[in-house]
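*Asks:* Dock chain R against the given chain U, drawing on the hints supplied.
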Amino acid sequence: MNSGPLLYLGLLLSMALSFWGMVLSPQMQMGRKDVTPAGDARQLYPAGRMGLAKAGADVYRSHGCAECHTQQVRPEGYGSDFERGWGVRRTVAQDYLRDNPVMLGSLRMGPDLANIGVRQPDANWHLNHLYHPKTVVPTSTMPPYAFLFETRQITGQPSPEALTIEGEYAPEAGYEVIPTDQAWALVAYLKSLNSEVALFEAPLPVEPVDTNAPPEVPAVPINPEDFE
Amino acid sequence: MNPSASTTQDQEPTPGADQLAAPSPAEIDASARYPVLLFLLKGAGWLAIGLLLLVIASIKFHGPGFLSGSAWLGLGRIKPAALNCLVYGFAAQFGFALMLWQLCRLGRTRLLNAPFLFLAGVVWNIGVFLGVIGILGGASTGHLFLEMPRVAWPFLGVAVVLISVWGLLTFHNRKQHSLYVSQWFLMAGLFWLPWILTAGCYLLVFDPLRGVVQSTVSAWYAHNFIFMWMTPIGLATIYYFVPKRTGQPLPSREMTALGFWFLLLAGPWGGMTRLAGGPIPNWMISTSVAANALLLVTVVTVAINIWQNMEGKCALWKDKSNGNVGFRLILLGTAAFVGAGLLNALISFRTISEFTLFTHIPVALDHLMLLGFFGLVGLGAAYEIVPKITGSQWPCDKLTRWHYLGTVYGLSLHVVALLLAGLIQGMKMNNPEVEFMSAVKSTIPFIGLSTIGLLVAFLAQVAFLWNLEKIVFAHVKTLVMPVMAWMGCGSTGNAEGKS
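Protein sequence lines, in the order shown, are assigned to chains U and R.
Residues 1 to 228 in the working numbering are what the first sequence spells out, letter by letter.
Residues 1001 to 1499 in the working numbering are what the second sequence spells out, letter by letter.
For reference, chain U alone in the conformation it holds in the complex (with noise of 0.2 Å):
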């Protein structure tokens, strides 16, 4: 193998055949996905995100949350995702359409996020967990994200905003804990991350359904001379 001709050959043919298999092939078999009806509402799925979710997730992008959190719910029997309840079905291509960018996330220093909207609703615990993670989760190892707060003097009457938190964490007597527009708007994305949508390639789990109906009469064969 002496010659540049054969070298530039290969290494053009090979630079050819990994983009056609690597990055065209996928956007050609995903690429032109689009929303689809999905649920029992029959929404099209994913509906997008607007306004603060929408803020919010820039905010994630911003902070590199994805560099300790996954957004992926691994196949059931694949890892114990599903016995952490971290989500009642896998995730599949079409629940990240609409994000950009797709953050799937490579390290799980903390739990999954895929379905933390549904898991915890409550946006006083998102702003008090991301003010000092340890108020809600004592064991936690997160960083704080104090620096999405304002602490500022009581004047007049408390904000209704304020957080609550007691303890340690709590600040000076006469100060108090404001969440910034970042704040408001992560807890908003944080909250709208939900993908328990039925999918044609993703069902979800059926359950046993309880209907509260009368157990079944076996039926007992007609004996024509019970009528006379």
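Simulated from the structure, these hints should not be mistaken for lab results.
Certain hints may be false.
For lysine-lysine, the following DSS-like pairs were computed, each having C-alpha atoms within a straight-line distance of at most 30 Å [as the list claims (entries may be wrong)]: (1) K1318(R) to K1244(R); (2) K1441(R) to K134(U); (3) K1175(R) to K1244(R); (4) K1318(R) to K1470(R); (5) K191(U) to K1441(R); (6) K1313(R) to K1398(R).
Remember, it's a predicted structure, so these values are computed and weren't measured experimentally.
*Replies:* Structure of chain R alone, referenced to chain U:
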């Protein structure tokens, strides 16, 4: 097989049809001096900065309150910033330096257009600086390995095109026409980087694709950066310096060619194992598993080549003198490559990736490739190249010694600690009976060890930087002094010389 091509390349040119009027090695080194020095100096600087940021990120894992007052130093920003310092600041620039210098030396030709390449180096550094500041400021794009914001990419794009074009022209201008194995690998790297950089950047940063294709493209990009840019350049460097030091040719050119073609065949296809079990088509993951297994051929050929090349030359490894530091680093880098290649194939398999995914083990693999393999090989080569292009020896033996020990032991501790952390984390995380937080907490002692390792490695890089600055400034002084004297500033110059 051309016998002259497989021998080491640093001998005096023998007259023949192959060699036209070739410049002497000293002339070649002089032509490449400034761009190569710039890339090495800046690369070493970014390596130190990247390691420092990694230290901070690592401390935040076990002490979440550390430096948590500012958004600029949040864990989610420090970590990608550190990665980008290492990838674009260090690995890319050391790669440019190694590539350009070897293309000149192996082609027995002067570096074409060195001033432009120097300028490209400056532009590249501006891009990396803007990108890292952008990430710390919160403008990260959120895509693995492509986190730098839009503003940085035009700088990097222009620089990489300039470097590749002039590198290619230098290759064409070669006076030694038959190719040595290192040149194949160098050309692979030279073609690959501009290609993936422009493609990845266009598809994710400037005109983003929709949906999870984003994640597959960024996994493709990250894997290609490691295996189709760092790997070929690093292997070229190994195949250049090791036979040269042992004084015997590589045992088999055919086997090396086999390794090269398998790298081209399997290297670019392996990235999707990063997304095993994720929301992407299964065939992509299966293809990547197969590709990572095929890549073992390349890994084995490297191992056999270097092992046989070192046969009977163990004295060279045991020589612990400072003049041998570069060679020892390159050999350790080779070992790291073999280890990383095996680990890469091992954790691809689904039964294993079920446990290792989302733990610190893939991180450890990335760091083993980035710092263990490419870092050690690059630094080792720098020890060999810098004295040649500046014409002066490394000034301080102690700093060299500290740098060698700190880098090797620090990085080993870091990678081993991360692997252990990941192993325990994976075992616990996949056992639903164990609480999730307990899985996370069990990694913390090991992360502590890895912090110590990173800190040691960082201090070692400071020593290296100090040594390198000394050699560079001594060289700059020899340039400036005559000019100063000529301009009649002799007295000032003398005063500086004494101090």
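*Asks:* Next step is simple, just say for each hint if it's right about the structure.
*Replies:* Hint by hint, here is what the structure shows:
For the suggested pair K1318(R) and K1244(R), the alpha carbons sit about 17 Å apart, so the restraint of at most 30 Å is met. Pair hint K1441(R) plus K134(U) holds up; C-alpha atoms about 14 Å apart against a cutoff of 30 Å. With a C-alpha separation of about 20 Å, the suggested pair K1175(R) and K1244(R) falls inside the 30 Å cut-off, and the hint holds. For the given pair, K1318(R) sits about 28 Å from K1470(R) by alpha-carbon distance, which is consistent with the 30 Å threshold.
Between K191(U) and K1441(R) the alpha-carbon distance is near 26 Å, which keeps this suggested pair within the 30 Å criterion. Only pairs whose Cα atoms come within 30 Å are accepted, and K1313(R) paired with K1398(R) is accepted, the gap being roughly 26 Å.
Comparing the model with each earlier hint shows no violations; every hint is respected.
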